[in-house]
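Listed below are the residues making up each chain.
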Amino acid sequence: MTNSVRLSGVAGSPGIAIGPVWRFDVTPSTGAAPGGGLVGTGSPEAVIRAAATETARQLEALGDRLRGLGRDAEAAIFDAQGLMATDPMLLDDAVRRAADSGDPVEAVRLAASSVAEMLAALDDEILSARAADVRDVGARIGRVLRGEVLHLPVVPSIAVAEDLPPSVTAEIPPGFLLGIALSGGSRTAHAVILARSLGIPAIVGVDGLLGAVDGAGPPASAAVAIAMDGETGEVVVRPSHRLEAEFRRREADLAIRRADASRLRDRPAATADGERVMLVANIGTPADSGRALAAGAEGVGLFRTEFLFMSRQTPPTENEQMEAYRRVLEAFGPERPVVIRLADIGGDKAIPYLRLAAEQNPFLGVRAIRLAYANPDLLLTQLRAIWRAGAAAGVVPHVMAPMVATAADLDLLLSLRDQARETLVGKSLPAAERMVTGIMVEVPSAAFLAPELARRIDFFSIGTNDLTQYVLAADRGNAALAGLQDALHPAVLRAIAGVVAGADAAGIPVAVCGELAGDPLGALVLVGLGVDELSADAGSLDGVRAALARATRPQLDELAARALAAPDAETVRELAAAVLGGVTG
Amino acid sequence: MRTDEMEIRNPSGLHARPAALFVKSASGFVASIRLENLTTGSAAVDAKSILGVMSSGAARGHRIRVTADGTDEEAALDTIRELVATGIGEEVDG
Chain A
1 MTNSVRLSGV AGSPGIAIGP VWRFDVTPST GAAPGGGLVG TGSPEAVIRA AATETARQLE
61 ALGDRLRGLG RDAEAAIFDA QGLMATDPML LDDAVRRAAD SGDPVEAVRL AASSVAEMLA
121 ALDDEILSAR AADVRDVGAR IGRVLRGEVL HLPVVPSIAV AEDLPPSVTA EIPPGFLLGI
181 ALSGGSRTAH AVILARSLGI PAIVGVDGLL GAVDGAGPPA SAAVAIAMDG ETGEVVVRPS
241 HRLEAEFRRR EADLAIRRAD ASRLRDRPAA TADGERVMLV ANIGTPADSG RALAAGAEGV
301 GLFRTEFLFM SRQTPPTENE QMEAYRRVLE AFGPERPVVI RLADIGGDKA IPYLRLAAEQ
361 NPFLGVRAIR LAYANPDLLL TQLRAIWRAG AAAGVVPHVM APMVATAADL DLLLSLRDQA
421 RETLVGKSLP AAERMVTGIM VEVPSAAFLA PELARRIDFF SIGTNDLTQY VLAADRGNAA
481 LAGLQDALHP AVLRAIAGVV AGADAAGIPV AVCGELAGDP LGALVLVGLG VDELSADAGS
541 LDGVRAALAR ATRPQLDELA ARALAAPDAE TVRELAAAVL GGVTG
Chain B
1 MRTDEMEIRN PSGLHARPAA LFVKSASGFV ASIRLENLTT GSAAVDAKSI LGVMSSGAAR
61 GHRIRVTADG TDEEAALDTI RELVATGIGE EVDG
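The listed protein sequences derive, respectively, from chains A and B.
The working numbering numbers the first residue of the first sequence as 1 and each following residue consecutively.
The working numbering numbers the first residue of the second sequence as 1 and each following residue consecutively.
Hints should not be assumed to be uniformly reliable.
As the list claims (entries may be wrong) - Heads up, incomplete: computed chain A residues facing chain B, CB under 10 angstroms, no partners named:
1) D87
2) M89
3) A287
4) R312
Calculated from the structure, these hints are not laboratory results.
For clarity, every value in this text was computed on a predicted model and none was experimentally measured.
In this text, a Cβ means the ideal position worked out from N, Cα and C, and glycines have one as well.
Bound conformation, chain B alone:
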């Protein structure tokens, strides 16, 4: 099991479109992947569920913790880290 923390940087957070990209990306791995919003202290959700990801209410500036568990856990975390760092399909300013 591997875990990492990162900050949401894109303007609209994990809402709708970015959430869809996030889920599609997570769904490409066999590892089970969980997401927690550390800023709001919400419960961990299934990162392959768009409804779960949206319900985490992760907005810009929030810190999230991603935990992957499975054979491709390392690749899964690398991919998600990269996706979040580059703004999940949105422009990141500042």
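Okay, chain A solo, but in the shape it has when bound:
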């Protein structure tokens, strides 16, 4: 019996997990002899087809096993992947590429990647998820070609690795993953996002983790147990009975807290001393409405409309858009406002019918409202559809424009809005009486111009993801800059504080609809800074409501003041965590 090893890392996703280790290593399994793969055993075409057939067999077996466990929905994913593995579209392309390059492994990877990009470009939410499935299939065929063996967990386990690539996390049936502990990675790592969506704990950046786990015996040993707390970032390798009991107690506490959170759902969100905070949901399609309402959303702070524009060869008609908006407006009714965001497209998203020029730097390019200078019809049609949907549903529609950077952008928005209504009135079509109009604050210039912009509109909604990227000049997708992608950085918080001050002077409310609003600690800081409304994915609302209920306005004021003066995001997070910890004692 070896001693417990206590380690700590960066909290990625909350929750407690206790269980055996599933050790993932990128190096080929020692069980596979060097050159044990199919590469070199035949022509590139022959080895690709053989590896594809073997991969399909593995995926079908995985599907069968899950079906045997009664998990039909998950099994269906592997069935579809099995078909993809031998799909003519994928294989013919891979074979053609291999004939040119002579490298079957790279050919399969490129072919899978090209199909995945095509699916992602359709950019309907369901199909983008399938893009990851295709890449995953490509990675699997590659492993068969190279003779690498990936032993998936056979019992529910905690994944331990330096980092978990998407192709691997996607292969683990969700029920077999209790938690994720990484020695590398960042808070924005794919594995962390996956963990949050599965509701399992994740901890990243755990120094000494691999040594403590591997030191105990052969890698991939399922015998080593781990206890982890995704809120504190603590990891205990081979916990003693006493430590295991402590983590079981924390697990029970957490279950109670989560039950409290769901009980709070029936009540409006408020601080412990009774100050109301408007808690609303982000939705991506009309089908998300039910989930948002069930989670207790008081409305929608961000209704993304891109789903209407992607995945097709011609722009959506005014009628088609009107129907989609009306459905959502009716689902939420007059008491629960729905903020429709005008299409945030262009730049990095391929929209065939717009024939947009390719840009070197799409995030700094002709995107969203900027498109409307040369191409106003897209927004005019959308605005007419919204005016009509408001009339049809009998509510005042709320609208906001993304990427507004200057007063000229706002001039354009307001004139298009009014022009859209005039057109309808001219044709004697029903239009809402008025439209509550706001802008997204995600470009730093808009934050600087907040006092002037605020006087001309009804509300601000801060998009913290893009604002963070632009304030810190750090590409959201660049893992090497993970440390700069934290919306709790005091520089971002100062920008938010400036927006709130500008809004207050003009008497308009400020919402936040970025990921920060759905993070309980982030929510405390935002409300402390004077934000009136938080909009987050439905799954985050319970946690935010529970956090708010445990803090008072004076505590939040003090938290905001200290956060603005803090040296870095980590310090801000600790300050916010102390507010939560302090209340429960």
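Take the given structure of chain A and dock chain B to it, following the hints.
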């Protein structure tokens, strides 16, 4: 060669699971079978390719055209018509 047009009625369209069923069904015939999404005007794809079928982006309410060419083309079209009409393994409401 035979061809027919039909409307996708199941909630999730020809995504993932329904696409897999569609492809499995089409693959049971020797006839070559092509699928076009008339609503989006996408190019014809191989109905025996799940990636092709998914890339047609056929959602609920879209009209598709299926063309079968081969000895069992008539049976192939009958089977696919029936599959689409009954919701491709999903509940069809309204």
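Hints, verified against the model:
1. Because the smallest distance between the Cβ of D87 of chain A and any Cβ of chain B comes to about 5 angstroms, under 10 angstroms, the interface hint for this residue holds.
2. Checking M89 of chain A against chain B: minimum C-beta separation of about 4 angstroms stays under 10 angstroms; hint holds.
3. This hint holds: A287 of chain A has a C-beta 8 angstroms from the nearest C-beta of chain B, less than the 10 angstroms allowed.
4. Given the 10 angstroms rule on beta carbons, the hint for R312 of chain A holds: about 5 angstroms separates it from the nearest Cβ of chain B.
Comparing the model with each numbered hint stated earlier shows that all of them hold.
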